[in-house]
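**Q** Going down the list, the sequences are from chains X and E. Going left to right, the first sequence walks through residues 1 to 295 as our numbering numbers them. Going left to right, the second sequence walks through residues 1001 to 1288 as our numbering numbers them.
Since the hints were made in silico from the structure, they are not lab data. Certain hints may be false.
[Said to hold, decoys possible] Across the chosen pairs, the derived CB separations fall in these ranges:
#1 X/T15 x E/R1275: 49 to 59 Å
#2 E/N1133 x X/R89: 52 to 62 Å
#3 E/F1120 x X/D38: 26 to 36 Å
#4 E/R1132 x X/H213: 28 to 38 Å
#5 X/R260 x E/I1182: 30 to 40 Å
#6 X/K124 x E/T1098: 21 to 31 Å
#7 X/T204 x E/T1098: 39 to 49 Å
[Said to hold, decoys possible] Capping the alpha-carbon separation at 27 Å, the derived lysine-lysine pairs in DSS-like fashion look like this:
#8 E/K1118 x X/K31
#9 E/K1152 x X/K30
#10 E/K1175 x X/K128
#11 E/K1183 x X/K44
#12 X/K124 x E/K1152
#13 E/K1198 x E/K1175
#14 X/K128 x E/K1183
#15 E/K1087 x X/K124
#16 E/K1198 x X/K30
Idealized CB from N, CA, C, for every residue including glycine.
Spelled out from the first residue to the last, the chains are:
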Amino acid sequence: MDSTTDSATNAARQTTKIEVRDIQKIYRVKKENGGGYDDFVVLKDVNLDVYAGEFLTLVGPSGCGKSTMLDLLAGLIPNSGGEIRIDGRVITGPAMDRGFVMQAYALFPWLTVQANVEFGLTIKKVPKTERRAISGHYLELVGLTNFANRYPHELSGGMKQRVAIARALAFDPEVLLMDEPFAALDAQTRETLQDELLELWEKTGKTIVFVTHAIDEAVYLADRIAVMGTNPGRITELVNIKLNRPRQGSRGSAEFGWIRHKIWQYLQPEEAVKENFPVVGAADVAEVIDSQATL
Amino acid sequence: MATDVKANVIEGSLTPNALKSDVALKLLKKTGRGVGGFFLSFAIIFIIIALWEAFPRFGWIDPFLLPPFSEVLGNTLNLFKTGEFFKHFNVSVVRIVTGFFGGLCLAIPLGVFMGWFKTFEEYVNPLVEACRNSSVLTLYPIFILLFGIGEKAKISIIMWGTVWVVLLNTISGVKNVDPVLIKSARSMGMRDWSLLWKVILPAATPSIITGVRLGAANSILILIAAEMIGSNAGLGYMIFYYEARYAIPEMYGGVVFLAIMGLAVNEALFRLEKRLTSWHEKSIYFGT
Ligand SMILES: Nc1ncnc2c1ncn2[C@@H]1O[C@H](COP(=O)(O)OP(=O)(O)OP(=O)(O)O)[C@@H](O)[C@H]1O
Ligand SMILES: [Mg+2]
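Assemble the whole structure, with the sequences as input and the hints as a guide.
**A** In structure tokens form, the structure reads like this:
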């Protein structure tokens, strides 16, 4: 499937930023009845290349291991097999070449907006004047210059998430890992932030891995969608999304609807799809999606 | 940004209003306490003093049991003048400061350690709970037995009264730091000591301060009781002494002074708490 949907020309053209090789994640869990432990395989043999500057979204049913995958990429949890390389170097833990944004905004409530944005810079021991300049720049990018001295509890959800994004960008990581960052926001704010994020992405050229369970969001944002399946968690499809950018207003278009439907189909349990829908082969779908993009 | 307009519409129309109502709420509370509340509490104090003066003067109560306020005030001021009062006051201050701050110096680091290493805490938690819930003063004879009747016993029982409540609050503060904050800091490569200083401690501050306030209240109580039991100086002793000598106005003076001191300490700690935790949502919505 990789070789068909993810065309060879594509891979050759782009440099690989993140290489995920045979990644496994196993949790030891207490047995339901009685003592002892069971091995619970969350991720099995996951392979994935993320290209430099690419916007990749990761979709999959709840509990399939999306967050686990992202935590592994961030180096927050150890893997049980395989390796992850960034720019060819195996990662051994968290580092500032990656920024992390989660659904819970996770702002430090005792710090002002500005101090939150500067948090990573203080870890890096960037001098104060420089810090001020950088935080000022990113606060401007997310439109919160006038809120620099507020505390997080004085902000709306959308503003909090903007601060979290500014904080992750401020120490200038090359990769941005985002775990359902907009899931807690209302629909309108979410769409606004999606557009803002795309704009930031275009301005900064970051490589973004973005987890979501909303198909709409995945399609709207992505260069490529990695579809995950459950039990054990694995990547079942990789789909190029060649909708023209900018994509404002494309949500209502026929192509968009078509792609969304296809991704939705991929997300159905296999039996259900077989029974109810004539399944198009993965290769065909990729072609359709690719050709859709040229419309 | 092209989308800024949209962004501003959404955030601009909703949030600043929400913020404004926050501010209004704060102001309302402030003025409510500031003008009305202030006046009211002064009025109440004034009425109590007036009644205190009137009851013994008109013979509604035996003036020996409750001397008029003016007499209490006069005799107490006299104690200030002769320096008798300050002799006791100084002794008490030294005891409480040593005991209380000694307790803090022990309890806070230990609590952070125990909150951090949860398994250790699980083992000793029953012991800590037992210590906190045992009535401090019943232990005083043991302290006297161990440390003698002098300063050591008094200071260590004040420490005892401070340590457990501060310890428990520190542990729970550290244990209950939002894991999401730790995850976020860790994702930026933060570890160990800096994680402790920059994330765990600030996040646990509200809970620690609550412990400190409770500990302070405890230690004043214990100080006075310990000074009444076996002592020859200190405010507790002074009150007891005047009572035994039937110097009733002086006794009341001591009692009132202690009440005021307790209030002042509580207010000071309350302000400290507000200052250190002004970022806390609760201090706005549920602040007292
Ligand atoms: N610490 C852990 N110990 C044991 N099992 C875990 C642990 N963390 C996660 N899991 C399991 O791993 C699986 C994947 O979890 P994960 O959070 O990655 O899912 P997800 O795809 O992000 O789901 P959602 O869309 O609901 O966020 C789940 O079945 C979960 O129960
Ligand atoms: Mg998740």
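**Q** Next, verify each hint and record whether it holds.
**A** Here is what the structure says about each hint:
Taking the beta carbon of each, X/T15 and E/R1275 are about 52 Å apart, inside 49 to 59 Å as hinted. Under the hint 52 to 62 Å, the C-beta atoms of E/N1133 and X/R89, about 55 Å apart, fit the expected range. The supplied range of 26 to 36 Å is met by E/F1120 and X/D38, whose beta-carbon atoms lie about 28 Å from each other. The given range of 28 to 38 Å is broken by E/R1132 and X/H213, whose C-beta atoms sit roughly 46 Å from each other.
In this structure the hint that X/R260 and E/I1182 lie 30 to 40 Å apart at CB holds, the actual value being about 37 Å. Between X/K124 and E/T1098, the C-beta spacing of about 42 Å breaks the proposed range 21 to 31 Å. Separated by about 57 Å at the C-beta atoms, X/T204 and E/T1098 break the suggested range of 39 to 49 Å. A threshold of 27 Å between alpha carbons decides the hint, and for E/K1118 with X/K31 the separation of about 23 Å falls inside it, so the pair holds.
Our distance criterion of 27 Å between C-alpha atoms is broken by E/K1152 and X/K30, whose separation comes to about 51 Å. Note on E/K1175 and X/K128: the hinted pairing is violated, with a Cα-Cα distance of about 32 Å set against a maximum of 27 Å. With a CA separation close to 24 Å, the supplied pair E/K1183 and X/K44 stays within the 27 Å bound. Taken as a hint, the X/K124 and E/K1152 pair is broken in the structure, with Cα atoms around 48 Å apart against an allowance of 27 Å.
With a CA separation close to 15 Å, the supplied pair E/K1198 and E/K1175 stays within the 27 Å bound. Taking the CA atoms of X/K128 and E/K1183, the gap is near 25 Å; set against the 27 Å cutoff, the hint holds. Annotation: proposed proximity of E/K1087 to X/K124 is violated, straight-line Cα distance about 54 Å (limit 27 Å). In summary, the hint linking E/K1198 to X/K30 is not supported, as the alpha carbons are separated by about 34 Å, beyond the 27 Å threshold.
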